[in-house]
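Whenever a hint applies, use it, and build me the whole structure from the sequences.
2 protein chains.
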Amino acid sequence: MARDKGEAKSGFQLKVPKGTKDWDGKDMVIRDKIFRTITDVFKRHGAVTIDTPVFELKEILSGKYGEDSKLIYDLADQGGELCSLRYDLTVPFARWLAMNSSVQSIKRYHIAKVYRRDQPAMNKGRMREFYQCDFDIAGTYDPMLPDAEILRITCEIFEALGWKGRYTIKINHRKILDGIFEVCGVPTDKLRTISSAVDKLDKSPWDEVRKEMTEEKGLDGAVADEIGKYVQQKGGRDLLTELQKDEKLSSNTSAKQGLADMDLLFAYLDTFGVLERISFDMSLARGLDYYTGVIYEVVTEGSAPQTGEGHKMQQRAKKEAKSRNGVNFDGDEDRSNDPSVGVGSVAAGGRYDQLVGMFSGKKDIPCVGVSFGVERIFSIEKARLEAEKTQSSVRTNEVDVFVMAFGGSLLTERMQVCKQLWDAGIKAEFSWKVKPKLPQQFKAAETNGVPFAVILGDAEWAEGKVKIKEMGLSEDHPDKNGVPVEVKNLVEEVQKRLEDTEKVGTDVEALEKMGEVKIEDAEEAPKTS
Amino acid sequence: MARDKGEAKSGFQLKVPKGTKDWDGKDMVIRDKIFRTITDVFKRHGAVTIDTPVFELKEILSGKYGEDSKLIYDLADQGGELCSLRYDLTVPFARWLAMNSSVQSIKRYHIAKVYRRDQPAMNKGRMREFYQCDFDIAGTYDPMLPDAEILRITCEIFEALGWKGRYTIKINHRKILDGIFEVCGVPTDKLRTISSAVDKLDKSPWDEVRKEMTEEKGLDGAVADEIGKYVQQKGGRDLLTELQKDEKLSSNTSAKQGLADMDLLFAYLDTFGVLERISFDMSLARGLDYYTGVIYEVVTEGSAPQTGEGHKMQQRAKKEAKSRNGVNFDGDEDRSNDPSVGVGSVAAGGRYDQLVGMFSGKKDIPCVGVSFGVERIFSIEKARLEAEKTQSSVRTNEVDVFVMAFGGSLLTERMQVCKQLWDAGIKAEFSWKVKPKLPQQFKAAETNGVPFAVILGDAEWAEGKVKIKEMGLSEDHPDKNGVPVEVKNLVEEVQKRLEDTEKVGTDVEALEKMGEVKIEDAEEAPKTS
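For the record, the sequence lines run as chains A and B. Numbering (the working numbering) for the first sequence: 8 to 536. Numbering (the working numbering) for the second sequence: 8 to 536.
It should be emphasised that the hints constitute simulated quantities derived from the structure, not laboratory data. You can trust all of the hints, since none of them are fake.
No copy labels: a pair is met if it fits in one copy or bridges any two.
Below, a list of computed lysine-lysine pairs in the DSBU-like style, where the Cα atoms sit at most 35 Å apart: (1) Lys487 with Lys442; (2) Lys218 with Lys255; (3) Lys25 with Lys77; (4) Lys487 with Lys440; (5) Lys171 with Lys440; (6) Lys120 with Lys426; (7) Lys255 with Lys224; (8) Lys495 with Lys40; (9) Lys207 with Lys40; (10) Lys263 with Lys442; (11) Lys369 with Lys442.
Values in this document were obtained by computation on a predicted structure and should not be read as measured data.
Structure below.
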């Protein structure tokens with residue numbers, strides 16, 4: 008859609024803030040489908056939902072996000088409390104648990120926007136305002152059972168989105184990492200910062216990460232090399248078995264416990280039928296401070312950065328084309344077409360057993376959870392739909408009946424008929440013109456894909472009748488001009504036809520269930536006129 | 008629910024920011040029902056939805072809200088653009104229309120949170136963060152037809168909420184008001200400020216409003232008296248007829264046009280069957296700057312402030328009781344129990360034909376809309392449900408099957424059965440214990456109102472069988488210990504029983520349709536353990 012930028016009156020910029028966007032038309036329909044898919048799986052596993060404020064007291068967020076704390080949005084000091092926009096949904100959940108002493112366990116989901124003052128890459132779904140869909144399990148249970156269920160839920164969601172075979176869950180354990188750092192000789196005060204460096208191995212080669220560790224962070228080169236031997240490994244149960252045989256690691260309490268957890272988890276994931284989706288990736292560290300156990304990230308095609316010179320040129324051409332279409336409405340700072348930027352992980356999470364305790368002196372509740380990045384999933388879904396050319400003509404509104412006049416005004420009569428339909432809960436509209444032209448009324452109905460027209464004519468109305476016309480019938484169909492019905496039976500007659508239509512499955516939901524999401528761009532179509 | 012305040016570690020306050028709240032348990036279920044009711048009506052009238060960012064560039068919001076602009080939340084200046092949290096959904100909608108030049112008309116709804124740094128009254132639904140549900144019609148149509156449909160939609164929503172006969176739509180017209188001010192002799196530069204004073208007549212007696220006009224705002228006393236004669240009138244078509252006969256008013260261009268609009272609108276509202284819900288109230292002015300035509304507010308029992316000394320004492324006792332229960336978790340500043348504060352209007356809106364033009368030099372699109380205040384509607388709904396004692400034992404989660412072991416662990420087997428059910432889309436849970444006790448498993452299922460248990464026993468499992476037990480059967484029911492089924496047929500057997508259950512209508516939705524919302528407080532019930 009064309010966005011008019013800079014055409015505003017009196018010199019101010021007509022745009023949305025950097026890193027944010029408006030959602031409308033077909034994008035809204037795709038995004039809603041993602042929300043519905045995710046919510047259905049959450050409910051399948053017994054979750055309830057809670058809703059917390061978009062901003063929290065500033066001190067609630069302090070000390071929870073490590074190096075990323077600089078990305079937190081603060082509200083201006085306008086007198087009163089100092090507040091910040093939430094950075095994720097996990098810390099507010101932990102704060103809620105700490106505040107509500109009667110809750111000792113809960114499975115909750117929360118779908119809401121979060122805020123990060125990061126450098127955006129809009130059409131890769133990396134934004135400053137974006138939705139997270141979180142599922143968390145709080146409570147004391149036997150080891151790794153909730154963790155396994157969270158990973159099962161994660162797989163169910165990507166399967167339900169139709170991503171079968173196209174995603175991988177990278178998994179690691181904070182205690183294994185801590186053990187590695189300990190046995191390699193990382194000083195305690197450097198643990199978190201070295202962990203952050205390791206986490207960059209998905210984007211940067213080992214040489215660069217090693218340089219960050221030694222030159223920026225002052226780690227001894229030999230220590231870095233020892234770390235490098237461990238964290239560059241990836242695998243499955245084979246890797247776990249190998250690590251369990253590593254005497255240095257097994258003699259470390261933390262690593263030993265982490266490895267035992269992983270052993271149990273792998274067994275449970277096998278039972279749940281999702282082990283083949285898992286990759287044990289020892290470079291995965293996750294930036295956030297609060298994780299204490301298993302950690303994971305879901306990656307897919309497009310998650311990693313793209314490279315290569317030919318590719319860059321192709322990207323540049325695309326970028327220029329897109330700029331003309333106004334897609335890059337946020338200006339040059341957007342990194343959407345920078346090949347060194349990938350979509351990143353589409354879901355991530357882990358165990359955080361001490362976060363609630365950071366808020367409450369009274370209780371600590373172990374938690375494990377996962378968060379889905381809807382905009383990133385959206386950007387991949389949208390690209391897929393475009394590639395499959397399955398975006399065409401499904402409707403963005405749901406009107407069932409367009410009430411129109413055949414010649415003349417019949418305004419009051421059209422309004423009366425609409426009232427009758429609305430009273431029965433039927434979705435209906437009419438033209439807001441005193442004397443609308445018939446072709447315009449038909450066009451409005453056709454453009455929005457309305458399945459039925461109710462046509463009023465002077466002579467028929469005098470006899471207490473109107474016509475119901477099924478839209479889109481061929482020229483030689485006997486009912487192409489509509490079927491006369493008594494006004495007093497209209498609701499019944501319309502409902503009968505709508506039920507029949509639903510049976511043949513032309514509604515959006517049915518199409519979606521069949522995996523054929525066909526969506527039209529609402530903005531390009533003229534609205535009811 | 009008990010909220011633990013001030014029990015946080017290291018001296019910071021464990022609370023949500025002033026004027027905000029967490030939503031959970033039964034409150035969330037009631038609120039979701041309100042959202043669903045409103046959305047259904049919006050869709051019945053052909054609306055599509057859009058979503059805009061929670062913050063806008065500060066200059067977008069400037070000069071749109073009159074005296075209320077001081078209530079806007081600003082983001083801190085952290086480098087880059089200056090932004091503010093949205094104050095309503097109308098200005099962002101107008102900004103979106105101005106930015107998207109291909110859209111000349113649209114019916115859109117938007118349900119989202121807005122922000123106002125006002126003095127809160129939490130349990131009257133007056134909050135700093137609150138939801139608005141907006142429906143707006145943009146586009147050029149014949150006069151008063153979209154306006155009439157908006158008012159029809161408003162009535163449909165309150166009827167659907169079950170408020171029949173318990174709400175009134177106060178209506179007025181900016182052009183009539185402007186005409187009155189002109190003929191009474193208000194100087195042009197005092198128009199908006201005198202209009203704001205008139206708007207207070209729903210809360211304050213005329214004497215006080217007159218004093219504000221003359222003493223605070225420097226209006227001539229005789230002019231104020233002239234205004235007083237007009238704006239203290241209320242009525243229906245009778246009042247309109249009377250005003251149309253008023254020669255002074257009819258000779259004023261603005262007033263004349265406003266009266267003609269009202270005449271047409273009343274005729275349309277009559278056709279739509281909603282005229283009896285309307286009160287023509289000449290004191291209604293609405294605070295916002297951007298209205299240009301018809302304006303309206305929906306009031307109900309509880310909208311107006313309460314007064315009286317006996318009442319005050321009663322309120323004080325209630326306040327103390329509530330404070331003990333932690334309802335007033337926001338402290339003494341909350342005005343929830345101040346009898347001089349009412350819930351206020353539960354919906355409001357009007358026509359704004361020039362707002363889009365304030366953003367775009369290129370186009371101006373006439374708009375009319377309405378906004379529903381969900382928290383205020385919620386507070387009235389909740390009080391009603393409590394008064395009717397219809398809050399008891401409906402579930403907050405939707406689990407259909409609890410998979411349990413009769414003696415022993417059978418952990419892998421329970422997980423396999425859950426996997427089988429989840430694969431078929433059935434909502435199921437199991438105890439996250441390696442060796443759970445049977446009574447605890449039953450208690451978890453009963454507490455959450457799960458309709459079926461699938462029970463695994465060693466001997467039966469060896470034969471490829473499990474038992475399905477319908478929960479809550481009487482002691483003498485032949486199936487009270489469950490019915491054995493083959494594991495391979497389990498999904499089918501469960502689905503058959505779930506369909507039967509749905510037919511007898513025990514699900515939440517069915518109850519809600521019957522108007523019997525029975526909700527249990529989820530936090531007081533122990534979760535799966």
